[in-house]
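Using the hints, put the two chains back together into the complex; each one sits in its own frame.
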Amino acid sequence: MAKLYTPAMAKIEKKRAKRKGKVRPSTPGREAWKRLRRNRLAIAGMIILIALILVAFFADFIAPYGIDEQMLKERNQTPSSKHLMGTDNYGRDIFSRIIYGTRISLPIGFICVIIAFAFGGTLGAIAAYYGGKVDNVIMRIMDIFQSIPPMLMAIAIAASLGNGVVNLVFAISISTMPARSRIVRAAILTVKRNDYIESARAIGANSSRLLIKYMLPNAIGPILTSFTFSVATAILTVSSLSYIGLGITAPTPEWGSMLSAGKELMRQAPHVLIFPGLMIMITVLALNLFGDGLRDALDPRLK
Amino acid sequence: MLRYIIKRLIWMIPVILGVLCIVFILSEITPGDPVDQVVGYDAPPEVREAMREAMGLNDPVIIRFFRYIAKVVTKGDLGTSYASGNPVLTELLARFPNTLLLTFASVIVALLIAIPLGVISAVKQYSVIDNASMAFALFGVSIPQFWFALMTLLVFAVKLKWFPASGIEKFSGWVLPVAMIGIANVGNLARITRSSMLEVIRQDYIRTARAKGQKEIAVVVKHGLRNALIPVIANVGNTIGVSLGGAVIAESIFSIPGVGKYMLDAINGRNWPSVQGGIVILAFAFSVTMLVMDLLYTVIDPRLKAEFKAKNKIAVKKKTIREAA
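Respectively, the protein sequence lines represent chains D and Y.
Quick note on numbering: the first sequence equals residues 0 to 302 in numbering that gives the first Met the number 0.
Quick note on numbering: the second sequence equals residues 0 to 324 in numbering that gives the first Met the number 0.
Derived from the structure by calculation, the hints contain no laboratory data.
A portion of the hints provided could be inaccurate.
[Said to hold, decoys possible] One side only, chain D facing chain Y, incomplete, derived with CB under 7 angstroms:
#, residue
1, LEU105
2, ILE143
3, PRO148
4, MET150
5, ALA201
6, LEU235
7, TYR242
8, ILE243
9, VAL283
10, LEU284
[As the list claims (entries may be wrong)] In silico DSS-like pairs for lysine-lysine, Cα to Cα no more than 27 angstroms straight-line:
#, chain 1, residue 1, chain 2, residue 2
11, Y, LYS74, Y, LYS158
12, Y, LYS6, D, LYS132
13, Y, LYS169, D, LYS262
14, Y, LYS169, Y, LYS158
15, Y, LYS158, D, LYS262
16, D, LYS212, D, LYS10
17, Y, LYS214, Y, LYS123
18, D, LYS33, D, LYS17
19, Y, LYS160, D, LYS262
20, D, LYS262, D, LYS14
[Said to hold, decoys possible] Just a sample of chain Y residues kept apart from chain D, beta carbon distances all over 12 angstroms, derived:
#, residue
21, ARG2
22, VAL34
23, PRO43
24, ASP58
25, ILE61
26, ARG209
27, ILE229
We put the beta carbon where it would ideally sit given N, CA and C, even for glycine.
Isolated chain Y, as found in the complex (with noise of 0.2 angstroms):
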């Protein structure tokens, strides 16, 4: 188990050092001259050298590949932002809770509804209630978000007037993009929670729970739910990634102040340390709930802990034969 835990926390270092070197390659690719957005294009041609030189854009590719890395590992320093002049990093970290706070409150709210939904729709299959509810889900996964947030706007805000069209400086700002993130969650947990759900209620212990005459709803959510949560939580950290994306176009749409939203205006003003910065924080914030995600599950799951005891028992057999030979 701890071996696991151990090289799982190692894999972190390649896949930053990987992020850092696909955010790179992307800077390279990038067509224009970032001396432009920082002198601007009528700038006298010994001060756009000068600032070449001074930028380090006169080295060859790799010495600027590594000396990246390098400013990003051992200093955490992004860059500077062309239209602020501050560190990027500081601006990302101002902005970085409230994106972390969306993506999660819409994960959360998404699973809260989605479980239960699951969880009917599989104990009283072809109902009324299971259709309807796995039609909803399927609405969900089919409607773009970003037309969803729409008509929410269009409906709430600017017709009913109940939520704020914009900001989050009262608490109702936060409703609708939530609603607007978590509407694709809620229909792909649902589904998932469904079949998962379906796959367990038929399982000889739940039949063993009924006869020993266990009340309906112990059966269900004690011998059934317990088993059946396992490929959603499984899910989950897929659904954080799918949301963290879904947050960068909610922030845009709602003008919330994130990451999401201060890199697509950076993208709209050529800003490319800012940019780059964003997908790294992003990146890096992923990586880390997937780790969690993943050592939770060896937690959660009692199989693969199992499984783990038995390789060490076997191990231990093995090193014990050895040693007495």
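Okay, chain D solo, but in the shape it has when bound (with noise of 0.2 angstroms):
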């Protein structure tokens, strides 16, 4: 990724591509696009979580019960044509629910990421572009955040700011801040040194141009393979905080918490268990097969 490439060359390349007519220019996005088509586990991963998303999308058609209908004739009743996934003991869909369970396990995992890398990314980029003094006043902050591991943070936030979604994702956002500005802080550390560097600073280029515009699009390879992992580790933390209890509770048909309302059926209705837990192992696999996919595809040299 380290190579010479500017947004306003690119634009020139399209006028010239233009101009020419079939001729596409290779740009460092394109090469990587074209590494990962080669993956096949990584593409088996994208079209994975494109589903999801569009399961996500048209839960309503795709459903064919609705979320909490509850059919008390049928409690416990074990997959069948009719309820593929079987019944919970309040005669709910479990298939049903689960489909509409993709509208909140994605989402939520990809907020708290965002959110994550939104404060410790902006923070590791001050750190990094800063050096010295402020690079060791933030890092030595997010020392001590992580101090105390990240599972028991969010354990703790979310204890004490009590259930629902916001509180979970701001749990969840702030306990694996200090890993994300890390990374972020490591990435720009790589790019800033490059003489690209100097000579937009030559230009005039002042600090959050050369931020935004030159270090972050150049050091987005190892942010953008951490940004997948770091969505399959949330949805984890997600469903587990739920299924302890706090995060997203009962009526919610959040994998987890489901999984959690299972618990009590597993002698009696071991199927209530089985397929909540499926779908999340599913949905993680997709993302770190896609992580894995991208990492090799952005960074050629590793492998």
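As structure tokens, this is what we get:
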């Protein structure tokens, strides 16, 4: 990714390409996409993710029953053609609830990571850009935050604030912020000393322009990779917290809280426990596969 | 070297103060009145007011903050549990060994499985063994720990009855919780070992070792693994942190009387001193482990030691020059 590449150049190349017709210029992004396309596992992960997002959008059309539709005569049924994944102890169709669950786990996972990167990333970028004392102070504060293991920190914050989506997102974002700031810091540090940064400075680019227009686009590779893995971790944390009763609570069809409710039924209706966990695993697996592929595609030196 | 160790030791002080500060802030933002938990919601106002005064809740935040820090630092007093009336520290210390044992057992088991797995994968890259163990590793990091625990409970405790579903009175009670926390660690550490080993195996000194006719096993273990282990060891600290978090959930699933279960029970009972005490204890344990790991790391990686020595030599040289002048 450490190639000389600026937005202005891309514009010029686009114009040139238009003039010539078919010739497509090679940009780092296109090169990476070419490499990613060849990685079958990564593409599989991507397809699963796209499918999950589509399911979330069209949940109303896919789910055969409503979220809270209780069929009291059909309680604790094992999977059948009428109820693909069976029913729970209130006679609710598990398949429908899992379908609606995509609307919760995926967006929350993404939002947590976006917030963690927005705050942590900004701090990390500032630390890397200014270096010296600023770097020292910011990173030592992050060190202190990291001396509480993230899961524990999330439990502590979620417990203090109480249940609810907003509190859960806050808990997970804050607890993962230090790790994200480290990733952005490291990424910026690797591009900071390049000549094109020096030349941009020489033309008179100010700090924010240097950071946003020159450093960030060139450092985006490891950040994107880590973003994907972070969403996977965030989804796992959301479901774990909901499972122990600190996140999203019972009637909402979040996969972790569905498992929490199903725990009591382990002996009578074990099928209630299988499918929500399977869905979490498939989602996280898809993210990890895509992340692995992304890492290999964006940094071909590795592997 | 000594300077680094001293510096690292002194750094523990702000870390612990910082943790206490975070815990105090969390207790401040917690909604609800602590007096409710001590005397009950329906206590008469004068009783409540007296309790409030006795607990020091009428003082300004700053005073309460310093009082809290002073109490913890000088007397190791983490407050009294609302539920039992006993000091939180005593209750925590009784449970702490279980949590520690669970965490370390699962990290050690994970290392014992992950390192051979990663080494074999790297040595036989792209073979069936490599693909299988990397697929296993990927599942390990993707499976929700608590769900894995529920599934093993379902199969091995409820159906097959090989292991007890809860408690640690019998040794077999440890198997499922350790497996639950270990599974994610195995995945992670095996992947790290593999990529680190792959890098080492392509180095010149490995080719030299082979060229001088060393046995393959000696090349892989003595020349390869020793060098490849450094990033793995660097990751053990992190793994312990993740495992501590996992232990909290494992204890609640398998009803193990540890700090995690104690904390989660306290959260449900709104017994905040116990929750905060648990966080302080676990964060303290984690900080100490990180300290030990950092120090160990400098011992294990000879390159770091050499760097320190070189720096010292330069410093000594500069000093003698200055003195001569």
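Broken hints, by number:
1, 5, 11 and 20
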